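*Asks:* Chains A, B, C and D are the protein sequences, given in the same order.
Using our numbering, the letters of the first sequence correspond one by one to residues 1 to 318.
Using our numbering, the letters of the second sequence correspond one by one to residues 1 to 318.
Using our numbering, the letters of the third sequence correspond one by one to residues 1 to 318.
Using our numbering, the letters of the fourth sequence correspond one by one to residues 1 to 318.
The set of hints was computed from the structure by calculation and includes no laboratory data.
Careful, some of the hints might be misleading.
No copy is singled out in the list; a pair is fine if it fits within one copy or between any two copies.
Using 25 angstroms as the maximum straight-line C-alpha spacing, the simulated PhoX-like pairs for lysine-lysine come out as follows [unchecked claim]:
(1) Lys289 - Lys318
(2) Lys101 - Lys196
(3) Lys29 - Lys184
(4) Lys163 - Lys184
(5) Lys163 - Lys55
(6) Lys72 - Lys134
(7) Lys163 - Lys72
(8) Lys283 - Lys134
(9) Lys134 - Lys234
(10) Lys230 - Lys72
(11) Lys72 - Lys283
The model shown is predicted, which means the values in this text are computed figures rather than measured ones.
Protein chains: 4
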Amino acid sequence: MEVIVRVGGAGVCGTDNNIQRGLANPSPKLPYTLGHENAGWIEEVGAVAASAGMKKGDPVILHPLISCGLCKACRAGNDMHCVDSRFPGLNTDGGYAQFLKTSVRSVIRLAAGTDPVPLAPYADAGITSYHAVKRVAPQLYPGTTAVVIGIGGLGHFAIQLLKALTPASVIGIARSNAKVEFAKQLGADAAFPAGKDGGLKEVLDFTNGLGADAVLDFVADQGTPDTGVKMIKKGGTYCVIGEGGTVSDPTIDMIVRELNIIGSLVGTYNELSELMELNRMGKIKITSKVYPMSDVVQVMKDLKDGRVLGRSVLDPWK
Amino acid sequence: MEVIVRVGGAGVCGTDNNIQRGLANPSPKLPYTLGHENAGWIEEVGAVAASAGMKKGDPVILHPLISCGLCKACRAGNDMHCVDSRFPGLNTDGGYAQFLKTSVRSVIRLAAGTDPVPLAPYADAGITSYHAVKRVAPQLYPGTTAVVIGIGGLGHFAIQLLKALTPASVIGIARSNAKVEFAKQLGADAAFPAGKDGGLKEVLDFTNGLGADAVLDFVADQGTPDTGVKMIKKGGTYCVIGEGGTVSDPTIDMIVRELNIIGSLVGTYNELSELMELNRMGKIKITSKVYPMSDVVQVMKDLKDGRVLGRSVLDPWK
Amino acid sequence: MEVIVRVGGAGVCGTDNNIQRGLANPSPKLPYTLGHENAGWIEEVGAVAASAGMKKGDPVILHPLISCGLCKACRAGNDMHCVDSRFPGLNTDGGYAQFLKTSVRSVIRLAAGTDPVPLAPYADAGITSYHAVKRVAPQLYPGTTAVVIGIGGLGHFAIQLLKALTPASVIGIARSNAKVEFAKQLGADAAFPAGKDGGLKEVLDFTNGLGADAVLDFVADQGTPDTGVKMIKKGGTYCVIGEGGTVSDPTIDMIVRELNIIGSLVGTYNELSELMELNRMGKIKITSKVYPMSDVVQVMKDLKDGRVLGRSVLDPWK
Amino acid sequence: MEVIVRVGGAGVCGTDNNIQRGLANPSPKLPYTLGHENAGWIEEVGAVAASAGMKKGDPVILHPLISCGLCKACRAGNDMHCVDSRFPGLNTDGGYAQFLKTSVRSVIRLAAGTDPVPLAPYADAGITSYHAVKRVAPQLYPGTTAVVIGIGGLGHFAIQLLKALTPASVIGIARSNAKVEFAKQLGADAAFPAGKDGGLKEVLDFTNGLGADAVLDFVADQGTPDTGVKMIKKGGTYCVIGEGGTVSDPTIDMIVRELNIIGSLVGTYNELSELMELNRMGKIKITSKVYPMSDVVQVMKDLKDGRVLGRSVLDPWK
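Produce the complete structure using the sequences and hints provided.
*Replies:* Written out as structure tokens, the structure is:
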């Protein structure tokens, strides 16, 4: 089942900063290689991959997990709940490297001739955003409103995905003016600075005081869970994708407004495959910039300081 | 659209105690009549009800809301989200009375000859429990486990409904030994006293440490939201139906376990209609005891003190 | 509940031709007024409509059925399955008239200042197409293909709706070259003439021999059910909206390909409301041309002869 | 991924008779071994199976397909739509043999100590019935009716599954009086002989002329598709599981009654796993009789002549 991939690009994620700062739980044993958003080219294939038609030079993107394929979750397609998985870059060596050994189960081939390098962030930022959008999409019929909190690597996909897959009006909320503008460029019907109340007043104004049908919170820290829950309409959904804070709501409010508060985690192999199809069709465009691996310290710092629009990618061959 | 109902029985709910103690928000203006779980017989009908075939003497049970029928929620069948509704016994005069004026939209006729009096609690305790069970049922396939926290008026329906509508194993959790036994009599596969940790250890033991697929919390106070959330399996659902406490969970836990935390509120007209069909078929049995209205003070006290198995009903004609 | 509407426009549908030719079953009693796609302005309101805020001069579009609001189907929002409905223009006098008496339950108010006249076809052609698209949409993820057979009044909405609400590639099939071109203008990714095999070869070529995930057949006559069913992929759906022919398939094919063959009928009140929101947002545009009522004979003949692009509307005041 | 299973029992299916009579399309090349419903014990395991904890002597039941695990269908859990599968007993050597080589992906371990021999029919008759019941179950709320046409090996599971998983009333229809009685013993609320009209009159009488919400047709031959479609209620579903005949319905009827006509094919690995859980819990009981392999000719003849209640199983070691 094994496949060796020549890494073309590895996306740089906020989680990488957290791991570096020792915030991962459990913390990986050192020495250890970061990088959980990987794309490149097939370098060498085992028998199963060969019989599946994979061959050296094929451009590929990698599902972030190496799932077992045999557990109940895998047999239902829910790779992210696999009970016997590894997550390169989180709990085993990842893609900040020239080669990565993975499983045929993680490999998605891209159309011949595709340059995989700038696409690497689809492998984690993209799929995680797509999975969350698919979960709320069934309730986003014409006339509804969706809010995206945080216009970083994940949020920049979410704005586009909501517009491509649903008829909802989409509001972006970001801390910096640059990202408020970025949200509009990505297709948001409106975008507001987080301000003091996390954009709550603006969302309520936009929805005639009713609140939004779905709120996707890619920050989930520094107060956004409080304001995010307040933004939801009766029967609506607050979806947590970011991490750091705590969601808290009185049960009386949960029942009177019949709220749905859900957590969302990466996504399935087929979801990443569908997402790459959206990229191929031009319905979703990635904003990413490629740096040589030697810039890794500066790139990770830029991310921490909120200076990245879209996503940065490291090229281990430069 | 109007119908006058001769009240045969009015169920006594914990909410009645809360209203009496001034905990309702907003508090109803006095003088005012309690009673939001009502059944009886049609006394007099307006033109619309008459043309729908309703006539004096028909045994009936009443949906707890008087919904408008014209708003978007009503047009989707979601009576409980009606934007122009009244709730007799909560925000307008209710059924602790000999007659109640309601709308044809609230009336469900029972089979000829049915004694509606002991059935009154289906109108609120029953429908609320049924609505919550229907929401979690799609994820309860063979091999899964559901937990019912609180075996009061609502929980005593939930145990039976989970067994009748799903193949899940059902665990009941209650504070008193009498109610633990009651849960078993109602069909629970296992029942445990809440003890110090709310039954958490027992649920984890029963599920080989994985947790339950769905937890229905009819208490949602005094620590149950904390232990209830801990009882859930990856991808599972914690459903709040009780009130009083606060649900709180770190966002990192929400996403890593991909939890669903949802609030559930009464139910639809059709749901009450379906529930009465389950009662008629004998798939669900109510445990209720009828008292004369003059016993109201003692009956409400018994409820507050946890001495009621199932539900008490007041008969305003005795 | 009554409302009198000043008819601004009444759409001309193939069903009108069928009724005129005596093909309706049961045939309406004469004299009788056609017109089941109606829009205009409120002329006069009863008490319920007034209290719902409706007033003379409001631009409105009418749901095609007058549903009872009390049966199980209405209480679930499924107006089209109402057991006690009337259908103006089909089984009671319709909108080829200056005024039409209807129920508050059929009235959808449009944004102030909207000209309702050219929008009338949304009331039947639009809603029927929208209902069918919503039924197949959940299986149209990125990489899938949907086929629209028949680019008439309904099909011209379906092409746009599939593009607006799903990421599927959309193929249009029509008999005339003019309509093949029209399909492309409406946004179809490809469009083919029906030719001898109803476009079967082209659909199989487009989908690498696998077939389409969903086929919406707005003709359902003259062989399209045969070729339409052959176009579907394993696990796909063939949705019948037109009428005239017969669907027929060997059971061995039904199971080996695990086919879904479904009939689709108008839609719900909320669906028409959502559709008008899509129109307001500019996501769907109607192609319609307004004629004075005196042109009715010519307009109906043009439709029968396949010379109409989009839909014709009659203005009873001209 | 390979596993060798010592076959304990192989169920005898009507499809075996069809293959023997040369009706399979394509026909398997001879010599060739029948048997697609297999259970037994693990005899020998490859490395993957060993690391998954499988070992000699474990009682097992086999999913009927050997699916690839890598195609889009497999990655969504839809084993029956695998594009690179083999089906032992249909298109490769099956279980009318003492040993069968299969894949770890087909093996479901049973509880230690389980006798797998009489359970073999769950592997195809059971899973096919379970898959069909799961597809219609969401529309079977209290007050609805489901019909099972054909009380053979599959139908005898369907009656029990509908009662265990839904609150619907269940009607069985069979040709022989013995099977009508059998349906009642299995829990059907009513059972009727097929008679001249396939039980149509009885179903309409039972449902007050409205028709059934779901009809599962395990015969799908000799007129049952005609009468089966006529039995359905507006908005209901006719599900084809048998084979031989042709489904045919005018499109006008498809749309006016908004019918769903669906084909259903075996089921997924997880579905077989869930079904064995229902068996373990005692919610479903198999009626099967075990014969020595030397009786194969008589057993297949008995099946063809309609003399089998439940299912016959061949033991290749006797």
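*Asks:* Taking the earlier hints as the rules, which of them does this structure contradict?
*Replies:* 2, 3 and 5
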